[in-house]
Amino acid sequence: MTETPHIRIQNLNVHVGDQHLLKNINIHIPDKSVTSIIGPSGCGKTTLLKSLNRLLDDIPGIRVSGSVLVDGEDIYAPHTEVTHIRKKMGLLAQRPFPLPMSIYDNVAYGPKIHGIRNKKELHVLVERYLRAVGLWDEVKTRLHGSASALSIGQQQRLCLARGLAVEPEIILGDESTSALDPISTKTIEDLIIQLKENYTIVLVTHILRQARRVSDYIIFVYMGEIIEFGPTEEVLLNPKEKLTQEYVKGFIS
Amino acid sequence: MRKRKIEERLFKGLMLLSTALVAVSLFLIIGTVIWKGLPYLDWDMVSKIPDGGYYFGRSGGMLNAIIGSLYVAGGATVLGMLISLPVSVYLNIYLKKSNIFARFAKLSFDVLFGIPSIVYGAFAFSLMVYLGVRTSLLGGIIAVTLLVIPIMVRTLDEVIIHVPKDLKEAALSLGATRWEMAKVYFRQIRHGVLTAVLLAFGRGVGDVAAVMFTAGFSDNIPVSLHEPAATLPLAIFFQLSSPIPEVQGRAYASALILTLFILIIVVVSTILSHKKNKSS
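Here the protein sequences come in this chain order: A and B.
Okay, so the first sequence: first residue is 10 according to our numbering, each after it adds one.
Okay, so the second sequence: first residue is 5 according to our numbering, each after it adds one.
Take these hints with a grain of salt, some might be off.
[Unchecked claim] Restricting the straight-line Cα-Cα distance to at most 25 Å, the calculated cross-link-like pairs of lysine to any residue (SDA-like) are:
(1) A:Lys97 - A:Leu65
(2) B:Lys169 - A:Ile197
(3) A:Lys121 - B:Ile122
These are calculated hints, taken from the structure and not from any lab test.
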């Protein structure tokens with residue numbers, strides 16, 4: 010790999026009770042590109058994604074060992090502050106979930122909790138990120154209306170703007186288009202391709218065509234293990250491993 | 005084929021019957037209270053204190069008991085919420101579901117929920133004896149607070165549990181602390197919190213056993229926390245046990261006022277929960 014790694018995962022193991030969810034994960038996720046995690050349901054895709062911003066912490070009975078280095082800093086080191094880690098990453102969830110407040114406040118929420126109080130500054134941020142997701146013109150007349158009145162597709166873009174507003178370096182997407190109609194899906198996919206110029210993006214998807222459309226690299230996970238990792242075309246069209254071949258051809262799902 | 009049809013009709017009929025039974029008893033209760041109470045209900049009833057004592061007095065009103073009930077239930081609701089909200093937030097948002105302490109605490113609240121109110125009254129009374137507090141508004145508020153805390157905690161639990169975990173992840177992934185997340189939760193559940201408040205208030209305003217030993221009774225409107233206070237349910241109890249038919253009639257008028265209180269609470273909380281469903 011010629012790119013510099015942004016996230017380095019070393020010997021990561023995740024257990025819940027007696028289940029071994031992720032087994033010995035070692036991978037370098039390259040900077041300023043889109044990496045998709047694919048694999049059958051229940052294989053550990055989402056667990057792998059959530060291990061990156063420590064959203065796993067709250068699962069009862071969870072044990073995580075190994076390290077995840079973001080910009081060289083181990084996010085699982087004992088003295089690491091979890092809010093500081095999460096500020097570096099925006100999460101785009103499966104279904105959009107606007108915070109119970111206005112459109113404006115949804116975007117301003119992140120900057121506010123991280124200490125920006127100046128109203129002008131906040132307004133600049135809100136406008137910038139609503140424009141970045143192509144929502145500004147649609148909502149500029151009702152910024153103080155409830156966010157739940159937006160369509161699902163608009164809500165997902167609002168959630169993306171909300172995540173971008175804390176100025177992260179990394180965007181994590183957890184099957185972010187699975188609740189959306191085809192047109193909204195296309196909008197989100199186009200945004201992802203556009204955003205990779207400035208962000209490192211990691212997506213979980215179960216749609217192979219989507220992985221092919223948007224990603225530069227693909228990680229294939231099966232039963233908690235990374236089976237194959239490489240550039241998109243290589244993994245999807247010319248897989249080295251037999252399991253990957255079977256998955257790509259649709260024999261296992 | 006015929007058997008299935010008969011079965012279907014039979015059970016549908018049984019369900020209809022039980023629903024009708026509940027509806028009819030509700031109307032009978034409200035009907036009795038209105039029929040017997042309405043002739044005695046006048047403006048004096050809600051604007052004056054009893055003339056000639058609550059037991060023998062045939063004129064004057066129940067303002068002492070109305071105000072007393074509002075004070076007791078209102079004070080207990082405020083105190084109860086100040087305790088219950090942090091408890092539920094801590095148990096449900098800060099602690100993990102599997103936490104032993106959280107599970108033990110929730111079980112304890114379930115047990116407390118089932119304890120009859122007379123036990124809370126007796127407990128508060130012995131506490132008052134120990135502390136040297138006489139039967140007073142303060143004593144009544146303490147007893148009813150103890151009574152409503154489990155109701156509030158359980159209602160809030162129910163509300164917080166139903167907040168989708170997406171909200172938690174959304175707030176946390178933006179780098180929110182637990183407390184900042186709790187504040188977002190609070191916005192999401194504010195209608196539920198109001199429902200908990202109204203439920204607790206309704207329970208507090210109607211309970212007799214908790215205030216019997218603790219709040220005492222008085223024909224006057226209490227002006228300090230250390231004076232005894234009358235409450236509507238207890239007033240009804242005393243008036244009904246009076247030998248004078250007119251005073252007994254006044255008991256139904258008091259019951260009518262109490263029923264109206266509860267009715268208003270139910271209507272307001274229904275409207276609020278309706279609003280909540282609409283907005284989410």
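Going down the list of hints, with the structure as the test:
no., hint, result
1, A:Lys97 - A:Leu65, "16 Å, holds"
2, B:Lys169 - A:Ile197, "23 Å, holds"
3, A:Lys121 - B:Ile122, "49 Å, violated"
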